[in-house]
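*Asks:* Here are the chains, one letter per residue:
2 protein chains.
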Amino acid sequence: MKNKMITARDVDFAKWFTDVVRVARLVDYSSIKGCDVLEPNGYAIWENIQHVLDEKFKELGHQNVYLPLFIPESLLNKEKEHVAGFAPEVAWVTHGGENKLEERMCVRPTSETLFCNYYANSITSYRDLPKLYNQWCNVVRWEKETRPLMRSREFLWQEGHTLHETSAEAEKEALQMLNVYREFYENYLAIPVVVGKKTEKEKFSGAEYTYTVEALMYNGVSLQSATSHYFGQKFTIPFNITFSNRENKLEHPYQTSWGLSQRSIGGIVMVHSDDNGLVLPPRIAPVKVAIIPIVQDEAITKKAQEIKGILELAKIKTIIDDTDKSAGFKFAEQETKGIPIRIEIGLKEMAQKEMVAVRRDDRSKTSISFATDIAAEITKIMDNMHNDMYQKARLRNEQKTYTCTDLNQVKAVMKNGSGFIKAMWCGSLECELKMKEINGIKARCIPFNQERLANQCVCCGQEAKEMVIWGIQY
Amino acid sequence: MKNKMITARDVDFAKWFTDVVRVARLVDYSSIKGCDVLEPNGYAIWENIQHVLDEKFKELGHQNVYLPLFIPESLLNKEKEHVAGFAPEVAWVTHGGENKLEERMCVRPTSETLFCNYYANSITSYRDLPKLYNQWCNVVRWEKETRPLMRSREFLWQEGHTLHETSAEAEKEALQMLNVYREFYENYLAIPVVVGKKTEKEKFSGAEYTYTVEALMYNGVSLQSATSHYFGQKFTIPFNITFSNRENKLEHPYQTSWGLSQRSIGGIVMVHSDDNGLVLPPRIAPVKVAIIPIVQDEAITKKAQEIKGILELAKIKTIIDDTDKSAGFKFAEQETKGIPIRIEIGLKEMAQKEMVAVRRDDRSKTSISFATDIAAEITKIMDNMHNDMYQKARLRNEQKTYTCTDLNQVKAVMKNGSGFIKAMWCGSLECELKMKEINGIKARCIPFNQERLANQCVCCGQEAKEMVIWGIQY
Numbered sequence: 137m138k139n140k141m142i143t144a145r146d147v148d149f150a151k152w153f154t155d156v157v158r159v160a161r162l163v164d165y166s167s168i169k170g171c172d173v174l175e176p177n178g179y180a181i182w183e184n185i186q187h188v189l190d191e192k193f194k195e196l197g198h199q200n201v202y203l204p205l206f207i208p209e210s211l212l213n214k215e216k217e218h219v220a221g222f223a224p225e226v227a228w229v230t231h232g233g234e235n236k237l238e239e240r241m242c243v244r245p246t247s248e249t250l251f252c253n254y255y256a257n258s259i260t261s262y263r264d265l266p267k268l269y270n271q272w273c274n275v276v277r278w279e280k281e282t283r284p285l286m287r288s289r290e291f292l293w294q295e296g297h298t299l300h301e302t303s304a305e306a307e308k309e310a311l312q313m314l315n316v317y318r319e320f321y322e323n324y325l326a327i328p329v330v331v332g333k334k335t336e337k338e339k340f341s342g343a344e345y346t347y348t349v350e351a352l353m354y355n356g357v358s359l360q361s362a363t364s365h366y367f368g369q370k371f372t373i374p375f376n377i378t379f380s381n382r383e384n385k386l387e388h389p390y391q392t393s394w395g396l397s398q399r400s401i402g403g404i405v406m407v408h409s410d411d412n413g414l415v416l417p418p419r420i421a422p423v424k425v426a427i428i429p430i431v432q433d434e435a436i437t438k439k440a441q442e443i444k445g446i447l448e449l450a451k452i453k454t455i456i457d458d459t460d461k462s463a464g465f466k467f468a469e470q471e472t473k474g475i476p477i478r479i480e481i482g483l484k485e486m487a488q489k490e491m492v493a494v495r496r497d498d499r500s501k502t503s504i505s506f507a508t509d510i511a512a513e514i515t516k517i518m519d520n521m522h523n524d525m526y527q528k529a530r531l532r533n534e535q536k537t538y539t540c541t542d543l544n545q546v547k548a549v550m551k552n553g554s555g556f557i558k559a560m561w562c563g564s565l566e567c568e569l570k571m572k573e574i575n576g577i578k579a580r581c582i583p584f585n586q587e588r589l590a591n592q593c594v595c596c597g598q599e600a601k602e603m604v605i606w607g608i609q610y
Numbered sequence: 137m138k139n140k141m142i143t144a145r146d147v148d149f150a151k152w153f154t155d156v157v158r159v160a161r162l163v164d165y166s167s168i169k170g171c172d173v174l175e176p177n178g179y180a181i182w183e184n185i186q187h188v189l190d191e192k193f194k195e196l197g198h199q200n201v202y203l204p205l206f207i208p209e210s211l212l213n214k215e216k217e218h219v220a221g222f223a224p225e226v227a228w229v230t231h232g233g234e235n236k237l238e239e240r241m242c243v244r245p246t247s248e249t250l251f252c253n254y255y256a257n258s259i260t261s262y263r264d265l266p267k268l269y270n271q272w273c274n275v276v277r278w279e280k281e282t283r284p285l286m287r288s289r290e291f292l293w294q295e296g297h298t299l300h301e302t303s304a305e306a307e308k309e310a311l312q313m314l315n316v317y318r319e320f321y322e323n324y325l326a327i328p329v330v331v332g333k334k335t336e337k338e339k340f341s342g343a344e345y346t347y348t349v350e351a352l353m354y355n356g357v358s359l360q361s362a363t364s365h366y367f368g369q370k371f372t373i374p375f376n377i378t379f380s381n382r383e384n385k386l387e388h389p390y391q392t393s394w395g396l397s398q399r400s401i402g403g404i405v406m407v408h409s410d411d412n413g414l415v416l417p418p419r420i421a422p423v424k425v426a427i428i429p430i431v432q433d434e435a436i437t438k439k440a441q442e443i444k445g446i447l448e449l450a451k452i453k454t455i456i457d458d459t460d461k462s463a464g465f466k467f468a469e470q471e472t473k474g475i476p477i478r479i480e481i482g483l484k485e486m487a488q489k490e491m492v493a494v495r496r497d498d499r500s501k502t503s504i505s506f507a508t509d510i511a512a513e514i515t516k517i518m519d520n521m522h523n524d525m526y527q528k529a530r531l532r533n534e535q536k537t538y539t540c541t542d543l544n545q546v547k548a549v550m551k552n553g554s555g556f557i558k559a560m561w562c563g564s565l566e567c568e569l570k571m572k573e574i575n576g577i578k579a580r581c582i583p584f585n586q587e588r589l590a591n592q593c594v595c596c597g598q599e600a601k602e603m604v605i606w607g608i609q610y
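Here the protein sequences come in this chain order: A and B. Residue numbers are given in the working numbering: position 402 of the first sequence equals residue 538, and the series is strictly consecutive. Residue numbers are given in the working numbering: position 69 of the second sequence equals residue 205, and the series is strictly consecutive.
Just so you know, not all the hints are guaranteed correct.
Because identical chains share one entry, a pair is satisfied inside a single copy or across any pair of copies.
Mimicking DSBU-like on lysine-lysine, the simulated pairs with C-alpha atoms at most 35 Å apart in a straight line are [claimed, not checked]:
| hint | residue 1 | residue 2 |
| --- | --- | --- |
| 1 | K572 | K337 |
| 2 | K216 | K236 |
| 3 | K140 | K280 |
| 4 | K461 | K572 |
| 5 | K444 | K267 |
| 6 | K453 | K194 |
| 7 | K267 | K214 |
Honestly, the hints are just simulated from the structure, not real lab data.
Hey, can you work out the whole structure from these sequences and the hints?
*Replies:* Pasting the structure below:
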C-alpha cells in the first residue's frame with residue numbers, strides 16, 4: 137500500500153520530505169530558487185495557524201499593525217550587532233523604476249529597526265506604554281542553501297514587537313510569548329518541544345537573550361520552531377526612543393520581539409508524516425474528514441451528504457469524494473493529503489446502519505452507528521488522535537535524547553544517528569565551536585529544566601556551568 | 137465643537153484628509169516616502185475588510201494561495217503591454233547579500249506573470265479547470281506622487297487570479313467578482329458606486345477589458361475602488377499555458393484577475409468623514425460602541441460593564457472609556473476615531489434607568505431603557521446609520537453628477553468644482569485625450585447603465601457610440 141510517488145522516509149529523509157510536500161500539494165517551486173509558492177493545501181494550514189495564534193495574541197492585549205517592506209540602509213545600520221547578523225543575507229533594492237535610489241533599501245529580514253523608528257515618534261510618556269504590536273507579513277533572507285518550508289528566501293511569519301516601562305515587564309512578556317508558542321506546538325501541532333535560552337553565540341543578533349522552542353524531527357535533526365527575544369535597551373538607546381517615567385525623568389523603554397514562521401508547517405511534516413504522505417494533526421488540519429462512498433450508489437451519496445451536514449454544523453470541515461475513481465485510489469489521495477479521518481460507507485455499512493471511521497495516523501478503525509451523535513464521536517476520535525500523535529512523538533524524542541558526559545559518548549551517538557544530546561557545558565565559546573567542529577552539532581538551548589549530569593564540561597573537562605541540549609540544526 | 141487638530145474639509149480637502157487619517161491614528165509615515173505604517177486603528181479596518189471579502193470569495197469556491205514577492209525580469213517581460221504598463225514603476229532588486237544577482241528581479245506590482253508561470257506547470261486537462269485562486273499580500277509601485285492610503289508605494293491588497301475552460305466562463309467570473317465588490321462597497325462601506333467597463337486607454341495593461349467600481353469622494357474626485365479584468369488568452373498564449381480540452385485538443389485557457397486594496401480605507405474616509413474626524417460605516421468599524429460614563433461613579437461603572445457584556449455577547453465590539461478625562465474630551469476622542477455609537481450614562485440616566493445612544497454620523501440621540509433588549513436596539517441604530525450614510529452619499533453623488541452635451545457645459549461644471557460628468561463619446565482616443573487636456577478629466581468608465589443623452593460626441597460632435605462617465609482621477 138506504499139505511495140509510489142514518495143521516497144521511503146528511512147531511505148532518504150530529505151527526498152522523502154520534498155516528495156511529501158510536493159505530492160500533498162503544499163508547495164510548488166517558482167522560477168526563483170528559494171521563493172516558493174504556497175499552494176492551497178499549504179496556505180490553508182498557514183491560515184489555521186494564523187487564526188489560532190492571532191486570537192491568542194489579541195486575548196493577551198496585542199494589536200496588529202503593518203509596517204513597510206523596505207528598510208533604508210542607514211536605518212538597518214543603527215544597531216551594530218543586528219546589522220552584522222543580517223546584512224550578509226538581505227536583498228537590496230537599488231532602483232525605483234528607471235531611477236537609481238539615493239539610498240538603497242533592503243527588503244526586511246525582520247522588522248526591529250522599523251518598529252524602533254516607528255516607536256520613536258509615538259511614545260512620550262509611561263502612559264503610552266506598553267506597546268504590544270504584532271504583524272503578519274513576508275520577510276526575505278537571501279540564504280544560499282534552501283529547502284521548501286524549512287529554509288526559504290522569502291517566508292511568511294508573524295513578528296511581535298513590544299515596548300515596556302520596566303525590564304521586569306518586558307522579560308515577563310518574552311517569557312509569556314515563549315509559553316504561547318510552546319502551548320501552540322503541543323496543543324495544536326501535537327509536537328513536543330524543549331524550551332530554554334539560546335547561548336550567547338546562538339542568540340538573535342542584537343538581543344540581550346533569546347528564548348527558543350526546539351523540536352526534534354523524525355530523523356533526529358532539531359528545528360528552532362519559534363523564538364522570543366528580550367532586547368533590554370539595546371535598540372531603544374541607539375534609536376533614541378524615550379519616555380518620561382513616573383518620576384518624570386526621560387528613560388529608554390525595554391523591548392521584546394517574538395516570531396513564528398511557515399517553517400512550523402515543515403515541522404508538522406517532519407514530525408508526523410509517513411511514507412504514504414502527509415499526516416496532519418487534527419486541530420490544525422484544514423479539512424478534518426473525507427467521506428468516501430465505497431461504491432457509486434444513490435442511497436450512499438444521500439447518506440454521505442447527510443453526514444457532511446451534521447459534521448459541518450458542528451464546525452468539522454468535511455469533504456465528500458464522490459468522483460468515479462476507485463475506492464483505493466480515493467483512500468490514497470486522502471492519505472497523501474493528510475486528512476485526519478476517512479469515513480467509509482459501502483453497501484455493507486448501509487445495511488448495518490453504520491459507517492467506518494479510519495484514522496490517518498495509524499489506520500485504526502471505529503464503527504459509528506448512524507443513530508449515534510456522529511459529531512461527538514468524530515471529535516472524540518480526533519482528540520484521541522491528537523493525544524496519540526503527541527505521545528508517539530514524545531516517545532521518539534525520549535528515545536533520541538542521549539545523555540553524554542564525554543566527547544567519546546557524543547561521537548558514538550552521532551555515529552549512530554542524531555538527536556538531542558544532553559551534556560554539561562563550561563560556558564565557553566571555545567567548547568561550543570569545538571562541538572560544532574567535531575560533531576557538527578550546535579547548542580540548541582540551555583533548557584529551563586536543568587539537570588546536573590556531571591560536574592565537568594563534556595568538551596574541555598573544566599567545571600561545568602549548565603546543561604545544554606545539543607543537536608544538528610535545520 | 138470643531139476638532140482643532142483637523143483642518144476644515146471645505147477649506148483644504150487634501151489637508152483635511154491627511155489630518156483625519158493621522159489624528160484617528162490610521163496611518164503613520166515611515167522614513168521612506170510612500171511606504172506608510174498602518175497603525176492598529178487602520179489595520180483593524182483592513183482586517184474587517186479581509187474577513188468579509190475572504191468569506192465571500194471562499195463561498196464562491198476560491199482558494200487562497202501565496203506566490204513569491206519577486207518577479208525575474210525575463211518573466212515580467214513576457215507579455216508586452218503588461219511590462220510596458222508596469223516596468224516604469226517597479227522597485228528592482230539587484231543584490232542578494234554581497235552578491236550581484238545574475239538576473240535582477242522586481243518586487244511584484246501585481247502577480248499575473250507569477251500566476252501564469254505557476255499555472256503553466258499545474259494544469260494539463262480540462263479536469264484541472266477552473267483554477268480559482270486568490271492571495272492577500274503586499275505589492276509595490278514606485279509612484280512619484282504619494283498620499284497615505286490612496287496612493288502609496290507599498291500597499292496591501294488582494295488579487296484573485298482565475299483560469300477557465302471557456303471564454304464565457306471566464307467572462308462570467310470577471311463580472312461576478314465585479315458584483316462582489318459593488319455589493320461590498322454598498323452593503324459594508326455604505327458607499328454608492330458606478331460600475332462599468334474601462335475604455336481601451338484606461339484598461340489594465342495586458343487585459344482584454346477591465347471592469348471597474350468607481351466611487352465619488354466628498355470633493356467630487358473619483359476613486360477607482362476595485363477592478364476586475366478579463367484577459368482572454370492574452371497571457372496564456374505567451375506563457376504557453378495549455379490544457380487538453382473535451383475534444384482532446386490542446387487549448388490555451390481563459391483568464392481573469394480582480395483586486396481590491398487598502399485604498400478602500402481611504403475611500404471610507406473621503407466619503408463619510410467630517411471636520412470632527414473619522415466616520416466609519418458601522419458594519420466595517422472595528423469597535424462599534426464606546427460607553428462613556430459622564431461622571432466617575434461606582435454604580436455607573438458597574439452598569440457600563442453590564443452593558444458591555446450584553447453587547448459583546450451579541451458580538452458587538454464595545455469599549456468603555458472610564459479614564460479620568462472630562463466627558464467632553466472623551467466624546468471628542470470617540471468622534472475622532474469614528475466609533476459609530478457612543479453610549480452616555482450619567483447620574484440622570486441612572487435615575488431614569490436608561491442610557492443615551494449617540495450616532496457618530498449625525499449626532500442623533502436615542503434613549504434606550506436598561507430594561508429593553510439593548511443589543512437589538514443598538515443593531516437597529518447601526519442599521520439605520522448604515523442606510524442613512526449610504527443615502528447621504530448617494531444624494532451627494534446625484535448632486536455632483538452632471539449631464540453635458542458639449543464642451544462648454546463640461547468647462548462650466550469643472551469651473552464650479554467637479555464630479556461625475558455623464559457625456560456621450562465617439563469612442564476615439566483623440567477625444568479622450570482632449571477631455572484630459574482641456575478639463576483634466578479622464579473616462580472613469582463606460583457604465584452598464586447606458587443612457588442616450590445625445591447623438592453627438594461631447595468632444596468632437598461626431599456620431600456618439602456610448603455614454604461615458606468622466607471625472608478627475610485620484
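*Asks:* With 35 Å as the alpha-carbon cut-off, assign the pair K461 and K572 to within, between, both or neither.
*Replies:* neither (52 Å within a copy, 60 Å between copies)
*Asks:* Reference check for the pair K453 and K194, CA-CA at most 35 Å: within, between, both, or neither?
*Replies:* both (25 Å within a copy, 13 Å between copies)
*Asks:* With identical chains, the pair K216 and K236 could be close in the same copy or across copies; at 35 Å between alpha carbons, which is it: within, between, both, or neither?
*Replies:* both (26 Å within a copy, 24 Å between copies)
*Asks:* Could you place K140 and K280 in one of the four classes (within, between, both, neither) given a Cα distance threshold of 35 Å?
*Replies:* Answer is within: at 31 Å inside a copy they meet the 35 Å cutoff, but 55 Å across does not.
*Asks:* When Cα atoms must be at most 35 Å apart, do K444 and K267 count as within-copy, between-copy, both, or neither?
*Replies:* between (45 Å within a copy, 24 Å between copies)
*Asks:* Using 35 Å as the alpha-carbon threshold, which applies to K572 and K337: within, between, both, or neither?
*Replies:* within (12 Å within a copy, 62 Å between copies)
*Asks:* Could you figure out if K267 and K214 sit no more than 35 Å apart (CA to CA) within one copy, between two copies, both or neither?
*Replies:* Close inside one copy (21 Å), not across copies (46 Å); limit 35 Å.
Taken one by one, the earlier hints fail for this structure only at number 4.
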